[in-house]
Amino acid sequence: FRTGSGWDLHRLEPGLPLVLAGVEVPSDRGCVAHSDGDAVFHAVTDALLGSLALGDIGRLFPDDDPANAGRDSGDFLDEAVRRVQAAGYAVVNLDVTVVLQKPRLGPHAGAMRAQLAARLLVGLDRVSLKAKTHEGVDAVGEGRAVSCQAAVLVTRAAPA
Amino acid sequence: FRTGSGWDLHRLEPGLPLVLAGVEVPSDRGCVAHSDGDAVFHAVTDALLGSLALGDIGRLFPDDDPANAGRDSGDFLDEAVRRVQAAGYAVVNLDVTVVLQKPRLGPHAGAMRAQLAARLLVGLDRVSLKAKTHEGVDAVGEGRAVSCQAAVLVTRAAPA
Amino acid sequence: FRTGSGWDLHRLEPGLPLVLAGVEVPSDRGCVAHSDGDAVFHAVTDALLGSLALGDIGRLFPDDDPANAGRDSGDFLDEAVRRVQAAGYAVVNLDVTVVLQKPRLGPHAGAMRAQLAARLLVGLDRVSLKAKTHEGVDAVGEGRAVSCQAAVLVTRAAPA
Ligand SMILES: [Mg+2]
Ligand SMILES: [Mg+2]
Ligand SMILES: [Mg+2]
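Here the protein sequences line up with chains A, B and C, keeping their order. With the first sequence counted from 1, adding 259 to any position gets you the numbering used here. With the second sequence counted from 1, adding 259 to any position gets you the numbering used here. With the third sequence counted from 1, adding 259 to any position gets you the numbering used here.
Since the hints were derived computationally from the structure, they do not count as laboratory data. Just so you know, these numbers come straight off a predicted model, no measurement behind them. Glycine included, each C-beta is placed from N, C-alpha and C at the ideal position. There is no bait here: all hints are sound.
Here are the in silico distance ranges between beta carbons for each label pair:
1) B/Asp334 <-> C/Asp384: 38 to 46 Å
2) C/Gly274 <-> A/Ala377: 45 to 53 Å
3) C/Asp384 <-> A/Glu283: 35 to 43 Å
Which chain B residues face chain A? A few, computed with CB under 7 Å, are given here:
4) Arg261
5) Gly263
6) Gly309
Go ahead and model the full structure; you've got the sequences and the hints to work with.
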């Protein structure tokens, strides 16, 4: 077994799309980023890479590389999954917490979990996505940013 | 094994009780919340639910449900423990970090750990509670909020 | 197995050294602290102590104890490693995320990982260090603080 932990934060600005875990969430503001700014996919990518000391998303996909401009963050996540597999490991489970002041993510949680499970090649029962607000304080609470933390457990054998 | 991760934050206001891990901590301010605002119990509840992808505290105990108004957060935690047990799992260990600018929680850590251990049905040696300040910056550092993060490991067999 | 989770934050001020994971990082500002303010070593120390419910860094090394003034935080980490060993456990892996607005830590990540691996008595392939910015918002994003979170997995047997 190995434990991995990822975190990401993106600023939000009016008129941009808000894409979280590959799902476009209706919102009056979205992520400022070089890629598509999917803070969930980024945090999960980092958790996977971190569990096996394979680097981090910034090193693998530099944000000053034009090839990564506006890029689908699912590509980053898929590559991390491939690297975990290449190292002989598989995902046991993933637990994600998204912190966003609004809108409420509850209605989208099912679609977000399905996206994550499909990309991690595990069943839905191994993928948790929890949503919180930041209670109105600091950048996330004031609606100026979204953050996400991800915890992952991987194992050398097939998950049991 | 499954890994779970929970996080919570509540705003603090003068004249309210400060209840953390079921212990009333003497303080000139306490949590603003629909329930009793126990950020530790809430974070641990979410970590347990998250480890087995059983939803989150907001979905199980909606804060717009009058039944949850002023409710003892120990009820939420007990229910999460029951659901973990019902899924055939038990808690291996819990590690909690509370971030509060003041007062110092050291004198209360023993009572808080005892509450958690009793509700999680494990020995005290499997429950860690660490306290930090936020060094005077941001909402927590300025004494306007308290936050808590919890990491949990659960296993299908009896913990070993 | 046991899971541990640590977090730390220090304020930054001009003219002080910035020491992270035992590596002095060239910077126009550094950590305000009673010890050397190494937020990475502090977070990892707390993650190790937390995994086995051995207390926390504030209890073991009080910041109002003159013996800890300006102290090398490697001492705290070494002591935590000793206590984990004394309890019959060893580190399986460590995953660290440092959040600092500037400078970029990429060039120092190798040296930081090497320091951590040497002190944790494990191979480099079991130590991950990831770097993020705070996207310009809140105290960390405004360059007024650095934070670090650490996730650790320990096991009773030799790590496998
Ligand atoms: Mg990102
Ligand atoms: Mg709460
Ligand atoms: Mg510190």
